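> Sequence:
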Amino acid sequence: MRRTNTCGELRSSDLGKEVCLQGWVRFSRDHGGVAFIDLADRYGITQVVFDPEDLPEGTDAGRLDAAIKTFTRESCVQINGVVRKRVEGTEDARNPTGEVEVLITDAELLNKSALPPFELGDQKEGVLPDEDIRMRYRYLDLRRTDMVQSMVFRSKLVHLARQYLEQNGFLEIETPMLGRSTPEGARDYIVPSRVHPGTFYALPQSPQLFKQMLMVASMDRYYQVARCFRDEDSRKDRQPEFTQLDMEMSFVDMKDIQDMIEGMMSYVWKGLYNEELKTPFPHIAYRDAMERFGSDKPDMRYGLEFVKLTDVVRDAPYKIFQNVIAEGGIVAGMNLKKDIAGDRIGRNDRDRYIHYAKKVGLGGLTWMWVENGKLESNITKYFTPEILENIKTTMNAEEGDVLFLIAGPWKATYEGGGFVRKKIAEDLGLIPENEFQFFWMDECPMFEIDPVSGKYDSFHHPFVLPQNDLDDDYVGGACFDLCLNGNELGSGSLRIHNADLQRAVFHKLGLDDERIEENFGFFVEALSYGAPPHGGIAIGVDRLCAILLNKDTIREVIAFPKNKRAVSLLDGSPEKVSDEKLEELQIISLAGDIDFSDVEDLSEE
RNA sequence: GCCCUGGUAGUGUAGCGGCCUAUCAUGAAGCCCUGUCGAGGCUUCGACUCGGAUUCGAAUUCCGACCAGGGCGCCA
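So the first sequence is numbered by this note's numbering: it starts at 1 and just counts up by one.
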């Protein structure tokens, strides 16, 4: 008999039904006579009961008892039975199936489970095994309700996004996984070609060039749930392979792209939560984000903003600030108001944050506080009363408030300050949970200039449309990031669609004609065949899911992730391949197992 | 490449120079129990990541390796 229902399905309306359930034994409780089994699958848990005193006529109770004795934890089993009401007072309100149970009339062990290495039941926080054990047995970890819910959530989210995009005329088009290695950007994963020994494909870091060429190809609106690969070190929000919801549109401006994403996110939101998502998302300019929050992806759910003090302290005879300002740096401060933070930061905390500030690239922190109406600090002697008063007014500092000041080069200082801001907010519990704040970070520069070498580097990537003449002092780029709660979810831009302009940008980045031709010749050529004005965006699916589900790491929303060192603890990859395979590819490995004994022997002689 | 944190029964933990033939919980095995739901009761089983060093004595201190996680660099 096939299963008639899942383990999450049966309700009071099914009373009396003869059913067949198949699933896994999550818990069992044997009371000596009557025995209960929590039968689980991904849909839920149904209590099934072996009740020897209440079996139908002709049932072989002994055989049934023997079968149920074999039902060890996590074994895969089948039971036949009758849906009945639970004994009055024993209903389980926490479980949707909790009003009913299934009286077992027949039972069969489908496949016995080895003893599970950890417990899969829905336990309280903190009883999960270490992550490496979960990863080693990921197929068991995924049986847990929490992981099932994450997988369901992710599937639903991606499905809703697809639905919306299809409704809006987007075509889902697959781009190659085997492509060309590019010199810029992250390290590529390399795939050797057997047919052309000595040559290699690269796995895509993103479908960027192909989706742009799809626009040249008149596809107009493209999307793809695209797997991307980067051979760089992992973080909790970075995996060697990850998924992007990748899109490109022709004949659009930045607002068109943003409107489309806002529409899509609203649709997804409605589908997931049955709630309206507030749109349009607010915008913040790159410069403002840095100068107010010390980050290009600021978490704006809590206050703690920096205030510029460069002009206020310009004439203070305090050496450190004077030097900083003379070198074109900035001074800024943050007011930790008495009621939210000032009261809770003592002397030890201030020292701790100074230590932390040094770790994140700041020279240090200067602390000040308002006591008896005056700014106090170990360095107030270097400031005139007028300047102190001016700082106090500019910072809106009141009795009991605590200020910290940062000083140094613009970018590094605000970035460092941003880390301190975040740390303080975390320590003081100022970050709200279950509040989701999307916004656009825009008005970005086209290039970043390396302060040491003076070399130009792309702020986003070399295909962004410049907003003004490339020879101007400041060149803006038509690019923007979608941010959520202090995370970068994705970045989009208008692209260069003119071959000459694309070449000019490459030149600006230091590539000569030969390099351009060699690495991007095919692409620039494509632009020359009437490429339409176009632009697009890619949204990090893993990050989006992780943030919405309040997970610390994207590994929680990826079925089979790699660990910190890019190793799959489940299948043991990456692994050596046989010499025969290497030979066929005409590849010799320099790693590890070359026998250098001859060389050593020579040196000893 | 670098920095930080951690590694104790199957799992999660306590212990942090001698009170350690190492705590507690869970689990597993056995027995008891007819309404539980992470059932309960009783009994039993099971561990200091590895290699050096210090010491009369090391789970505990030090050094190194390995493993896991967080971060810097890197991620156009």
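Hints are computed from structural coordinates only; laboratory data are not their basis. Fair warning: there could be bad hints in the mix.
What the hints assert, rightly or not - Okay, the calculated beta carbon distance ranges per label pair:
id: 1; residue 1: Asp457; residue 2: Glu376; range: 42 to 48 Å
id: 2; residue 1: Arg94; residue 2: His355; range: 43 to 49 Å
id: 3; residue 1: His461; residue 2: Ser113; range: 55 to 61 Å
id: 4; residue 1: Val452; residue 2: Glu525; range: 34 to 40 Å
id: 5; residue 1: Asn323; residue 2: Glu184; range: 32 to 38 Å
Remember, predicted model here, so these are calculated numbers, not experimental data. All C-beta atoms in this analysis are idealised placements derived from N, C-alpha and C, irrespective of residue type, glycine included.
> Starting from the hint list further up, note which numbers the structure goes against and sort them upward.
3
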